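Novice: Quick note: to get our numbering, add 380 to the position in the sequence shown (first position is 1).
Keep in mind that the hints were calculated from the coordinates and are not lab data. Nothing here was measured: the structure is a model prediction, and the numbers come from that model. Note that CB positions come from ideal geometry on N, CA and C, so glycine has one too. Worth double-checking, as some hints may not be accurate.
[As the list claims (entries may be wrong)] Ranges of calculated distance between the beta carbons of each label pair, as one might list FRET restraints:
1) Ser449 - Leu383: 20 to 28 Å
2) Leu453 - Leu383: 44 to 52 Å
3) Ala395 - Ala487: 33 to 41 Å
4) Val467 - Leu383: 22 to 30 Å
5) Pro520 - Ala463: 19 to 27 Å
6) Asp537 - Ala388: 18 to 26 Å
7) Thr426 - Gly512: 35 to 43 Å
8) Gly452 - Val390: 38 to 46 Å
9) Ala507 - Val467: 39 to 47 Å
10) Arg483 - Ile513: 39 to 47 Å
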Amino acid sequence: MTLAQVQAAVALVTALMLTWSGLMIAVALLVPDRTKRAEQAIVESTARRVWLGLAGLLAGIASVALFSSPNGLVKALGALLAALVLVSMTLGAAGLSRLLASRISEASGGRSEFGALVCGSLVFSLAGFFPGIGWYLFGPIAIVISLGAGIPALLPDRRRAPSSSAPITDAGAA
């Protein structure tokens, strides 16, 4: 292995960590309600998130199996299922990074919300890319929990009461 190959591998890992952190920050800022729901789901019931994440992982495996079908419609269904799994995992990961951000903010004594979110996403990325423990323990567990937290974040909120619009009245007519 040459020095250039080592440098390329280090650059690739660094780029992956930074882009994953950037994606989690962007998702947390663009859809804050959904990522807050994912964060709340992790806090309320981590065990349920693990089981739901394992079911989501099975759906991801099924999507890969659907890709191998010669039928184009089945391949499209597999692509749709894979997209749903990846979107829910990303939402859940943004929620997990929000959870880390809130705990970092508490521990640091009032860091700005954005600064804590950046730190939380970087801590999440760095932990996942740590050799050995991060690759084989933290990363897979975090992916399963993220997937389990992202699935309910995609669904409509059942606790919210449906908004009712005021009836239209004919106040101007006489």
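Novice: Given a hint of 19 to 27 Å, does the C-beta separation of Pro520 and Ala463 actually sit inside it?
Specialist: holds (21 Å)
Novice: Ala395 and Ala487, beta-carbon distance inside 33 to 41 Å?
Specialist: violated (29 Å)
Novice: Take the C-beta atom of Arg483 and the C-beta atom of Ile513, compute their distance, and say whether it sits inside 39 to 47 Å.
Specialist: violated (20 Å)
Novice: Given a hint of 38 to 46 Å, does the C-beta separation of Gly452 and Val390 actually sit inside it?
Specialist: holds (41 Å)
Novice: Confirm or reject the claim that Asp537 and Ala388 have a C-beta distance inside 18 to 26 Å.
Specialist: Since the Cβ atoms of Asp537 and Ala388 sit about 45 Å apart, the hinted range of 18 to 26 Å is violated.
Novice: When you take the CB atoms of Val467 and Leu383, is the distance between them in 22 to 30 Å?
Specialist: violated (39 Å)
Novice: With respect to the beta-carbon atoms only, verify the hint that Ala507 and Val467 lie 39 to 47 Å apart.
Specialist: Given range 39 to 47 Å: violated, Cβ gap about 22 Å.
Novice: Leu453 and Leu383, beta-carbon distance inside 44 to 52 Å?
Specialist: holds (49 Å)
Novice: 35 to 43 Å was suggested as the range; check whether the CB atoms of Thr426 and Gly512 agree with it.
Specialist: For Gly512 against Thr426, whose Cβ atoms are near 23 Å apart, the range 35 to 43 Å is violated.
Novice: Range hint 20 to 28 Å: satisfied by the CB atoms of Ser449 and Leu383?
Specialist: violated (44 Å)
Violation of the numbered hints given earlier is confined to hints 1, 3, 4, 6, 7, 9 and 10; the remaining hints are satisfied by the structure.
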